[in-house]
Structure formats: structure tokens, C-alpha cells
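K.L.:
The listed protein sequences correspond, in order, to chains D and E.
The first sequence: position 25 = 25 (the numbering used here), numbered continuously.
The second sequence: position 173 = 173 (the numbering used here), numbered continuously.
These aren't lab readings, by the way, just hints derived from the structure by calculation.
Each residue gets a CB set at the ideal place from its N, CA and C atoms; glycine is no exception.
Be careful, since some hints might not be right.
[Claimed, not checked] Partial chain D-side listing against chain E, Cβ under 10 Å, derived:
| id | residue |
| --- | --- |
| 1 | K35 |
| 2 | W38 |
| 3 | G42 |
| 4 | G321 |
| 5 | A325 |
| 6 | P403 |
| 7 | L407 |
| 8 | L409 |
[To be verified] Label pairs and their calculated CB-CB ranges:
| id | chain 1 | residue 1 | chain 2 | residue 2 | range |
| --- | --- | --- | --- | --- | --- |
| 9 | D | I346 | E | E30 | 52 to 58 Å |
| 10 | E | D227 | D | G307 | 42 to 48 Å |
| 11 | E | Q144 | D | P27 | 25 to 31 Å |
| 12 | D | I346 | E | E136 | 58 to 64 Å |
| 13 | E | Q192 | D | P27 | 32 to 38 Å |
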Amino acid sequence: MYIEQPLPKQRASKRLTLAPSLAPGLPIPFFLAFKELWRYRGRYLLISLVIALITTLVLFIGGLAEGLGAGNKEYLDKLNADVVLYQANVDLSIPSSRIDRSRVNNVRRVEGVKDVGTISFSNATIPLGGNAAPLKVSLIGIEPGKPGEPPAFEGETLKGKRDRAAIIDKNTALRTGLQVGDVFNIKSIQGTEEKLHPLTVAGITDGRQYSIQPSVFVPYQTWEDIKPKSVVDNGPETPIFNLMAVQLDNPRDFEAMAARLENQVSEVEAVDRKTAYESTPGYSAQQSTLNTQRFFTLLIGVLVVGGFFQIQTLQKVAQVGMLKAIGTSNLSVAIAFLLQIIAITILGVLIGGAGTLLLALSFPATVPIVFTPESVATAIAALVLIGPLGGLVSVRILTKVEPLTALGLAS
Amino acid sequence: MKTILQTNAVTKSYTVDNVTINAVNEVSLEIKAGEFVAIVGPSGSGKTTMLAMLAGLLSPTRGNIVIDGQDLAAMKEARLTRFRRQKIGFTFQANNLVPYLSALENVELMLRLNGRFDRAGRQRAKDLLAQLGLGERLKNLTSQLSGGQQQRVAIARALIHNPQIVLADEPTASLDTERAYQVVGTFAGLIQSQNLAGIMVTHDLRMTRYVDKIIQMRDGQINKIIDTRQAILDFADARN
Ligand SMILES: Nc1ncnc2c1ncn2[C@@H]1O[C@H](COP(=O)(O)OP(=O)(O)OP(=O)(O)O)[C@@H](O)[C@H]1O
Ligand SMILES: [Mg+2]
Numbered sequence: 001m002y003i004e005q006p007l008p009k010q011r012a013s014k015r016l017t018l019a020p021s022l023a024p025g026l027p028i029p030f031f032l033a034f035k036e037l038w039r040y041r042g043r044y045l046l047i048s049l050v051i052a053l054i055t056t057l058v059l060f061i062g063g064l065a066e067g068l069g070a071g072n073k074e075y076l077d078k079l080n081a082d083v084v085l086y087q088a089n090v091d092l093s094i095p096s097s098r099i100d101r102s103r104v105n106n107v108r109r110v111e112g113v114k115d116v117g118t119i120s121f122s123n124a125t126i127p128l129g130g131n132a133a134p135l136k137v138s139l140i141g142i143e144p145g146k147p148g149e150p151p152a153f154e155g156e157t158l159k160g161k162r163d164r165a166a167i168i169d170k171n172t173a174l175r176t177g178l179q180v181g182d183v184f185n186i187k188s189i190q191g192t193e194e195k196l197h198p199l200t201v202a203g204i205t206d207g208r209q210y211s212i213q214p215s216v217f218v219p220y221q222t223w224e225d226i227k228p229k230s231v232v233d234n235g236p237e238t239p240i241f242n243l244m245a246v247q248l249d250n251p252r253d254f255e256a257m258a259a260r261l262e263n264q265v266s267e268v269e270a271v272d273r274k275t276a277y278e279s280t281p282g283y284s285a286q287q288s289t290l291n292t293q294r295f296f297t298l299l300i301g302v303l304v305v306g307g308f309f310q311i312q313t314l315q316k317v318a319q320v321g322m323l324k325a326i327g328t329s330n331l332s333v334a335i336a337f338l339l340q341i342i343a344i345t346i347l348g349v350l351i352g353g354a355g356t357l358l359l360a361l362s363f364p365a366t367v368p369i370v371f372t373p374e375s376v377a378t379a380i381a382a383l384v385l386i387g388p389l390g391g392l393v394s395v396r397i398l399t400k401v402e403p404l405t406a407l408g409l410a411s
Numbered sequence: 001m002k003t004i005l006q007t008n009a010v011t012k013s014y015t016v017d018n019v020t021i022n023a024v025n026e027v028s029l030e031i032k033a034g035e036f037v038a039i040v041g042p043s044g045s046g047k048t049t050m051l052a053m054l055a056g057l058l059s060p061t062r063g064n065i066v067i068d069g070q071d072l073a074a075m076k077e078a079r080l081t082r083f084r085r086q087k088i089g090f091t092f093q094a095n096n097l098v099p100y101l102s103a104l105e106n107v108e109l110m111l112r113l114n115g116r117f118d119r120a121g122r123q124r125a126k127d128l129l130a131q132l133g134l135g136e137r138l139k140n141l142t143s144q145l146s147g148g149q150q151q152r153v154a155i156a157r158a159l160i161h162n163p164q165i166v167l168a169d170e171p172t173a174s175l176d177t178e179r180a181y182q183v184v185g186t187f188a189g190l191i192q193s194q195n196l197a198g199i200m201v202t203h204d205l206r207m208t209r210y211v212d213k214i215i216q217m218r219d220g221q222i223n224k225i226i227d228t229r230q231a232i233l234d235f236a237d238a239r240n
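Bound conformation, chain E alone:
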């Protein structure tokens, strides 16, 4: 399998009042196409910081990040923006959707941003939403969708433009258990079928049952990597 994302000793330090802390400390990891990875760890362990760097939203203090053969550090602001809209799909914990657009338009937005919107694209967006159980909600505004429905719209938006990487920040934070399983399960299926690299930051360790690799962080460092099927299921089930 092709490596899509690679980090080499990535570090992010913050200095506040002359005290320097490493929010992320010398993290090296590699994610291949079709691989779905969960980043877990206690609060303050550096998960969000790591995700922000992988997204090209935050530049590392040291080390480098290579996505699809391109070093993010070498890219200027405008180039990074273009890179994000072409190569990355996002779901966020909150404020995922544009409130004045319908569910369908929110998904299509990724195609419009990339100047690739056409009838075939609209059809694909509809099919994808239908696959996520939102076939009847295409015209609903954000305010007319439940939290779980919004997350699923965001997942459709993260996938519609055929990105290389999908980054999901706490995708189940606002969902009940059953919905959460459903959303992450569908997400995992789509990532695998599209052969993407998927990265999910989550507090809900039960959700890790769908991933191929669990990266456990502590104090900015990788504490443990779990990557065998049985160990993953054991890890997830231990939290049930």
C-alpha cells in the first residue's frame, strides 16, 4: 500500500511566560492509503495540535510533514489553502456546515471550491447523502438537521471531492452511542472503499473498533500504537 502521509519527528512547542511546553513532541508516523487511524489520549495530550499540523493549519516548530509526496513546510499560505481544498476532507466537532446552504449545497460546496461542480457532481453528492441515510434531507438547512445528521453531511462533504486524506475532529462528540457507532461505521466503510487515509481524533474509545490503527498519545508523544485486529477490538471493548 502506498504511503499517503508521513511525519518525521514533528514537534510543536509553545512558550508562555518563559515556560516552553511541547504540545506535540517528536512524533513520527506513517499512514497508508485505505488506512483508518484513530488518535486517542487524555485531554491536553496534543491530539488536536497534531491534527491541525496534519491539516496544514499549524506549522510545526521542528520536523516535517509530507503528504502525497509534498512537504507542507515548503508551501506558502495560498498554496496550502489550495492543497487543503484539493487533497483533504474535513469534519469538525462544531460549526461544520454553512448555515444558509442546504445539506446538498454544503456537500457540493467542496466541488464548487475546486471548480469541479457539474450535474454528475450533484448526482454523486445526492447518492453519497443517500448512502449516509440523508436521502430525504437534501434540502434541509443546518438548523433543520440533528447533530448526527449534521455530522453525516460533514462526512459527505469530506469525501465528495475525492481527497487523499480525511481528517475528523471528534466526529461523535454530539451523538448518542447508537448514532455514533453508525456514523463512524459508515465513515470507516467509505474511507476503505475510496482507498483514503483517514484520521480521527476521538475521546470516545469505543469508536476505535472501526479503525485499523490506534495511536495513543500522552504528553505530546506517541505512547502506544495498537495495530492488530484483535488488540484493537480488545481496546475498544474494554471501554464498553
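Chain D with its partners taken away, still in its complex shape:
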């Protein structure tokens, strides 16, 4: 009997060299899945590359959503306040919201309010040397030491109400090259004349864009003096602000305090920071556009990958029927397939992720693409699901194949 034949001696060394490919412990789904992947690696690599491209696209759209979103929301999102107060009935439009000093004082007297600061927004430019176009900035008036003033990560915060000093945000610093102690000009049109207002950089804060522009923060009185205006005057009798930034004794009390503020102070609307930045012009529309793009890119991924594997699967029906007839379980067939599609997807996502990283590193800092760990993690999780989702139809086809087809019969 052939099994009982003694093994020829000279085979011993050859058997050893074969050992790595033996993989005796490898469960059957792994064995079948990876043998097949390896045999048709060209074909499968191609679909991995498609997934890599989709990954790149999804990550960039996500990065753009973060980056462009940051341009709108950075300052308001990082605001050191629990409640943002607007004038009532202005649909949370910041330029329309106008608040006077008496209301600021009323807010300060409401029980549970820890501190309040005013914020005023305007636009100006910083002339840059040579032929460079001037840098458009958000010129933001705040009260030194009050909520609304950003922290200085280099240099100092603002001191006097009338000081000709500014805190510039990181974006302003990057684009102008300004450092703490430097003097720069703010150019604004007042009346009909262009005026230059020299300011000293007191401090530099992190990214605090507002209205998709880098920011320059100055004390309120200085702001009143240098902002663009149609009539040259000595400032209004009673100053007007756009927003109030309110800190609470107990930040968890937001709901109750918002209601109390709207009750006790006339004509104000209280919201949290998220509502504030989501209400800035274009923010929600922009984000939902980018999210739609991202969703459709993922959907295309699912369909392309699903279609590819479905064609592959349909070509394998006879072979799968044979495998089942000789005793391969349905579960093994399904697991082998899922292993393949998951491996292909992960490979694609890895290639795409690495490619995106390399590309992103080569971009200048001014490109509004930002990768945050959370957004990248969410994107990767969604991308890795492309394969299994796309493969659902194929799994169904595979599990429905009858072993009887191996004999050319079907029930």
C-alpha cells in the first residue's frame, strides 16, 4: 500500500527546505484566501490602488473640511467663554448684532455670571513689503484681561485699553513673519482716506481665524480708533460691540444660565460656542457640501469594490461548488472571502494613508488642509468598512452556491 512505503532517505533535506510553505497550522480559510490573493496579486493590487485613491480623496476632503471649517470657527470655538450673547432677533448674525455698554453692565450683575467681555469685529489689511499683496485680516477688538481675549503663547497679553499693541494669531504670524516686539501697520480706510496705524506685537496666540482670515486682536479703544469707518470722528458717545463673551460660575449650568440671561437682560440671545460658529455665514453649507462629497466618495468606493468582487465571485461559482462538495464548510468559504476583501481594503487604505501623509507634508502651511486625529480616525474607520460592505452581495452569492453544482446538478 502506497501510504506504508518507507520515505526515501535522500528526500530529507528537500523536505526541510519546503517547511516554510507547509504552514500546517494555517486554518483552511486563511490558506485558500491568501493563496488566491498571491496567485492573482496583480489583479488584487489594482483594486487596492483604487481603494488607495479613494482613501486619499476622502482624507483630503476631510482635511479640507477641517481646514476650511477652522477658518470660520477657530476663534469662536476656542473662545474662553461658556455663553456667547448676541443682540436678540438678528438670526445670530454677528455684523448685525449691536450691543451697548449698559447691557454689558446688566449681564455682569446677573447671578451666576463670573465675568463678561465684549468683542467687536472688523476687517483691515496689513501691507507687506515689496510686491506682495497686503494680507487681509480680521481686526478684533477685545477688552484686555476679559473673556474674548486670546491667550498669548509667546510674548504677553494686552494691558491698557488704549495701547497701540496687538496679539496676532499664528496664521498672521506665519504669513507676515512678525515676531513679538515687531511693529507693523494696520491699513484701513477712514472717511475717504487710507490710514496707516502702527501697532506693536505684544503677543502671539495659536490659530484663531475668524471669517476665513487670520486675526489681529487689539484693545477695544484702539480698535474703535483704527477700524475702517465712513466718517472720521472721535468715536461714538456710547461704544457699540458685536458680542459678549460670558464666563459662568458653573459652566455645566449652560441651559439654565442662558435662559436666565435672556430673561434678565433685555434684547439678548444666548448660545453656546458651537451654535455660534455654526451660525457664521457659509459654515454649515460648506461643511455639509464637503460631507456630501465625502459620503459619495465612500459610496463610490463601496460600489466599485463590491462590483469588482462580485464579478470575481461569479466567475468562481463552479470552483466554490466543488470546494463545498469535497467538504469545505460554508463558513470557511465566507471567512476566506472576507479575509481577502479585508486584506485588500486595509492594504489600499494603508497605501492611500501613506500617500496622503507624504502629499500633505509637501504642502505649504497656508493650504487650508488640517488633519486632526479624530477626523482621520473616523475617515479610516469608514474606509475600512468599504470592503466588507461592498462584499456583502458576494458573500451572499458564495453561501448560496450549492455543492450539487459540482456534479452539474442544481436542486
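For this one, chain D is given, so just place chain E with the ligands on it according to the hints.
P.N.:
Relative to the frame of chain D, chain E with the ligands by itself:
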């Protein structure tokens, strides 16, 4: 000799458009260890249907099938699958092999499926392929093998895991006469030496010279059983 397979009045009926036909009709047979049986008969006589039922791939409408003391009807799907990979060896008319595996890997597959693959198993697979004249073709893929070579790889795969029964569906359909004789002859030798029960469905009646029993079917029923050496040779030679 020990009985390995027994059927008792097995019937398979199909109803199409309110007309019921018995593809297999009350077939009772018995196959012992070391016995090689050919099922022959005209097209539509129920050969493949019979084979599918013996393989546990199709359940009879009536009657029962007992293999190695176990009633197939009593087994659930998963149990039947396990039964097939442990107790049965298969060769099919077409699509026998996994195209992305080598000849050797295709044979070893049966051992892997049974979780019994090791170096000794690999050696046995090589020896078996060598015995079938494929010692130089171990690493070839299906696409690099002729039809006859593929059939022989399938035969090796059907035997490697020491099954109790080997079922062969038209093993010579794609072979020329000389190859066909060679393949079936080797197959018969291995079945006898391993003491298995072998069942072959064939259209090529000349191939029946290697078997111990010819079961001739007609209209789903056993028409004739030929089981003496001389009668078998006469039957086979009459078709030459
Ligand atoms: N799924 C089915 N539904 C209806 N009738 C069927 C089905 N499968 C087989 N039959 C019928 O059962 C009978 C036996 O078929 P079977 O395939 O077993 O014959 P066979 O002897 O293998 O024929 P051949 O030599 O042509 O392969 C035929 O009349 C066939 O039409
Ligand atoms: Mg048939």
C-alpha cells in the same frame, strides 16, 4: 468483506408542472470494502442523481442510505459536510481542481480540510502523484495540466485522506482511449489496495473492464447487475 454502503429502496422524485418523475426509483444496492462498482445506463437514467444521493449532496425523497453504519438522512447540513470531507473522496467530470493551487497543493487540500496536514502527509501526496505518473508535475497549476493529468490529480485528491468511499463522476469524459484505460486502471488498483468502496459513473462502457460489478440503470431503476469476472469482460469487450 465488510459492507460500507447500503441503500434501501432509495427514490428521488421531481415534480415539474404537476408531472412527477422518479429520477431514481426504489434502488437498493450494497457495496463492500475493496469493491469497485460502475454505474452505467442511458442518458437520463438517473446515474448522476444516484451518485449525488450517495455523496450526501442530495436527499432522497424516500428510502435511506447508510454509509459506514451511519444513516445520511439523520445528519444535518454541517455534519454532512464533515462526513463528506472525512469519509468520501471525489472526482468530478469538470472543475475538479482549485486553479490557484498547484497539483500537489490540490491533493494536500483534502488533508488541510481535515486538519491532518503535516510533512508525512506531504510526502504521501507526492508519492501518490508519482504513482499516478505526475512526479514531475507537482508544482504545475491546473492551467498547466492536460485534462488527463487533471483527472489523475483529482484521483490523488480523492484518495489521499483515506476515505471509505470514492465517487467518480465520468472520470474519463475528457480523455483519449489510451489515457482513459490508464487512469481507470490505476484508479481501480488504488481502490482495491486501499480496500475502499469505489463507485464510478461512466458513459464509456469499455472502462467497466476494471470494475467488480456493473450496475446498469434504466428509467431510474436497476436494470441489470453484472458481477462475474467473465460477464464483466464480455460486457466491456462488446463495446470495443
Ligand atoms: N432538478 C431536477 N428537476 C427535475 N428533473 C430532474 C432534475 N435533476 C434531474 N432530473 C431528471 O432526472 C432524470 C435523471 O437525471 P440524471 O442527471 O440523474 O441522469 P443521468 O443518468 O446522469 O444522465 P446523463 O447520462 O445524461 O448524465 C432525468 O430525466 C432528469 O431530467
Ligand atoms: Mg449524469
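K.L.:
Which hint numbers doesn't this structure obey?
P.N.:
3, 10 and 12
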